[in-house]
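Using the sequences and the accompanying hints, generate a full structural model.
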Amino acid sequence: MAGKEHQDSDAGEAGIPAISVRGLTKVYQTARGTVAALRGIDLEVPGGEFFGLLGPNGAGKSTTIGVLTTLVKSTAGQVKVWGRDVSTDPIGVRRRIGVTTQGPNFDRYLTVAENLEFRGRYCGMPGRVARARAVQLLEEFDLADRRNAHVHQLSGGQAKRLMIARALVQRPSVLFLDEPTAGIDPQTRLHLWDVLRKLHADGLTILLTTHYLQEAEDLCERIAVIDHGQVLACGTLSELTADLGAETITTVSYDGEPPPRLRDLAARDGIARVELTDRQAHIFARDAAGVLGAVVDVSTQAAVAIRDVSTLRPSLESVFLALTGRDYRE
Amino acid sequence: MTAITMTALGTDTDTDAGARWRAFAAMVVRDIRVIKRDSLTLVIRSVVQPLIFVFVFAYVMPNIGQSAQAGPYASAYATILVPGTVGSTMLLTGVISVMQPLLMELTYTREIEDRLLAPLPAWAIAVEKILAGAIQSLLAGLIVFPISLVVHAHGFAPSIHVYNWPLLIGVAITGALFGASIGMLFGTIIDARRSPGLLAVGLLPLTMLGCVYYPWVALTPIHWLKIVTLFNPMVYLAEGLRASLTPEVPHLPVWAVLSCLAGGSLAAGGLAVRLFLRKVVL
Numbered sequence: 001m002a003g004k005e006h007q008d009s010d011a012g013e014a015g016i017p018a019i020s021v022r023g024l025t026k027v028y029q030t031a032r033g034t035v036a037a038l039r040g041i042d043l044e045v046p047g048g049e050f051f052g053l054l055g056p057n058g059a060g061k062s063t064t065i066g067v068l069t070t071l072v073k074s075t076a077g078q079v080k081v082w083g084r085d086v087s088t089d090p091i092g093v094r095r096r097i098g099v100t101t102q103g104p105n106f107d108r109y110l111t112v113a114e115n116l117e118f119r120g121r122y123c124g125m126p127g128r129v130a131r132a133r134a135v136q137l138l139e140e141f142d143l144a145d146r147r148n149a150h151v152h153q154l155s156g157g158q159a160k161r162l163m164i165a166r167a168l169v170q171r172p173s174v175l176f177l178d179e180p181t182a183g184i185d186p187q188t189r190l191h192l193w194d195v196l197r198k199l200h201a202d203g204l205t206i207l208l209t210t211h212y213l214q215e216a217e218d219l220c221e222r223i224a225v226i227d228h229g230q231v232l233a234c235g236t237l238s239e240l241t242a243d244l245g246a247e248t249i250t251t252v253s254y255d256g257e258p259p260p261r262l263r264d265l266a267a268r269d270g271i272a273r274v275e276l277t278d279r280q281a282h283i284f285a286r287d288a289a290g291v292l293g294a295v296v297d298v299s300t301q302a303a304v305a306i307r308d309v310s311t312l313r314p315s316l317e318s319v320f321l322a323l324t325g326r327d328y329r330e
Numbered sequence: 001m002t003a004i005t006m007t008a009l010g011t012d013t014d015t016d017a018g019a020r021w022r023a024f025a026a027m028v029v030r031d032i033r034v035i036k037r038d039s040l041t042l043v044i045r046s047v048v049q050p051l052i053f054v055f056v057f058a059y060v061m062p063n064i065g066q067s068a069q070a071g072p073y074a075s076a077y078a079t080i081l082v083p084g085t086v087g088s089t090m091l092l093t094g095v096i097s098v099m100q101p102l103l104m105e106l107t108y109t110r111e112i113e114d115r116l117l118a119p120l121p122a123w124a125i126a127v128e129k130i131l132a133g134a135i136q137s138l139l140a141g142l143i144v145f146p147i148s149l150v151v152h153a154h155g156f157a158p159s160i161h162v163y164n165w166p167l168l169i170g171v172a173i174t175g176a177l178f179g180a181s182i183g184m185l186f187g188t189i190i191d192a193r194r195s196p197g198l199l200a201v202g203l204l205p206l207t208m209l210g211c212v213y214y215p216w217v218a219l220t221p222i223h224w225l226k227i228v229t230l231f232n233p234m235v236y237l238a239e240g241l242r243a244s245l246t247p248e249v250p251h252l253p254v255w256a257v258l259s260c261l262a263g264g265s266l267a268a269g270g271l272a273v274r275l276f277l278r279k280v281v282l
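Keeping their order, the protein sequence lines are chains A and B. The first sequence: position 60 = 60 (the working numbering), numbered continuously. The second sequence: position 244 = 244 (the working numbering), numbered continuously.
Note that these hints are calculated values from the structure, not bench results. This one's a predicted model, so the numbers in the text were calculated from it and none came from an experiment. We put the CB at the ideal spot given by N, CA and C, even for glycine. Honestly, I wouldn't trust all of these hints.
[What the hints assert, rightly or not] Derived contacts from chain A toward chain B, CB cut-off under 7 angstroms, selection only: (1) L71; (2) V72; (3) K73; (4) I91; (5) R94; (6) R95; (7) V99; (8) T101; (9) G103; (10) N105; (11) D107; (12) Y109; (13) F118; (14) R121; (15) Y122; (16) G124.
[Claimed, not checked] Residues on chain B that point at chain A, a partial pick, calculated with CB under 7 angstroms: (17) A23; (18) R110; (19) D114; (20) V281.
Following this line, the structure appears as structure tokens:
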């Protein structure tokens, strides 16, 4: 396996990040006025990294990936892929990236194999080379027996695999995946994760957007948490959770609103923060000991019944909660 | 899944300009492959409507003595009909072959993204679509021409002869481009959910009032209509074909035909490319 070969010469230059985003802003003009989808995004992804953009639906992930892949025009900011500016050199960028968008936007008039063949031809391969590349990718992505099928005959998992195969036709040095596993069954998702891990092990730089916490935790080396068009935090999973200053997160569920006086617990030694949401209290503590007793005391005083209690290690979910004060809903 | 190999098959040495041309050529190849595969659809779509019109006007009417041109003039009528039929088929094919897929690609399937990721500017994608539509339009003309020559009442054969090859080729190419450009324009303007309505509301008057079944000069008794039809692109293609196939039938001057077909292509095509860019570059 020759992983480095899909990075072209400029990819290896020291100091040039694979992806660099500075102050990216996107404002859409709609009938009801202007909508700011991105409000100053900054990101830097070094070559070879598996990077995740995590956020709830509508956070601005797809718009960010749209600008990076030249499909969406930015309102302001500088966006570069391997040092090439997406607004001044979109063709240079397109020749170095592979993209899967959210929906299956295949060529409906062509077969599975032809969809790969023509991606290769659009990217400058002679017909014979493009057909050989298509055959090779169909084998690698377990689609060889569907080569003459029409794209609408593929199952959800097959379609996702074909999208990734199509993105790899021209041997990109950066792969952009917009919600690659949205809407598919858990088993197919695990299979796709294996595919992506293998691609990353080969040296491919991957930027993936996802609204699945688990996906970001399991696959990505670094994660940017994004909400309302802004990057709230960026780092490795352990960096992000370390910033919480807590070893455990105790979640207490109530039938109604949690007692507001729970907030006072944050002043106690060993408790880093307290977040109250609709029907839950989340207590971020260095040590779970003593937290439960205090919670029970406050709840009893407020005459509120506790429905359920759980204590977990910090995760991306708790990072999101701490950053936004909201529960993360997938 | 076996190993995902990434070994390069060729070296990436060509320039961006070379890449643009190859992407453009590849899209033409793609469209030709799809046209070939759907050739039966193209034939049916090109033939059925004109065939029925030619059948009714050039066969049924003369035989039942209902046509205004029955009797000794029936043959002349068939002669008028042939260029009109070929022209209307070409224009409608140009419009529909670009408009129909585009409406889907821009909305429901977002298939256009597949093309937008190719290494060429978005305007070139629009130009390629117009070019592919023009190719289909020309093919439709080639299919329908011999049929319209053959279908007529006994003894009322149309008198058709190519008097001016360069003019015929010029009219056919500019007319095909005009139709495809209009298709691109409709494809970018229309709301995809309303397109069936447009076919009925827009395309029927285009044909019926496009000097397909009568030469433009024949409208002299209805002066206002004679002026209004000058805004119908169909008129120029039908009259242009008359000028090259049946010059003895009175027709619009050649300079007017060619400048309107070429100018119309540029105007409709230019506007369509602009609207296309507005739709695809988000």
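Going through the hints against the structure:
no., hint, in the structure
1, L71, "6 angstroms, holds"
2, V72, "5 angstroms, holds"
3, K73, "6 angstroms, holds"
4, I91, "5 angstroms, holds"
5, R94, "5 angstroms, holds"
6, R95, "5 angstroms, holds"
7, V99, "6 angstroms, holds"
8, T101, "6 angstroms, holds"
9, G103, "6 angstroms, holds"
10, N105, "5 angstroms, holds"
11, D107, "6 angstroms, holds"
12, Y109, "5 angstroms, holds"
13, F118, "5 angstroms, holds"
14, R121, "4 angstroms, holds"
15, Y122, "4 angstroms, holds"
16, G124, "4 angstroms, holds"
17, A23, "5 angstroms, holds"
18, R110, "5 angstroms, holds"
19, D114, "5 angstroms, holds"
20, V281, "6 angstroms, holds"
The structure fails none of the hints (numbered hints given earlier).
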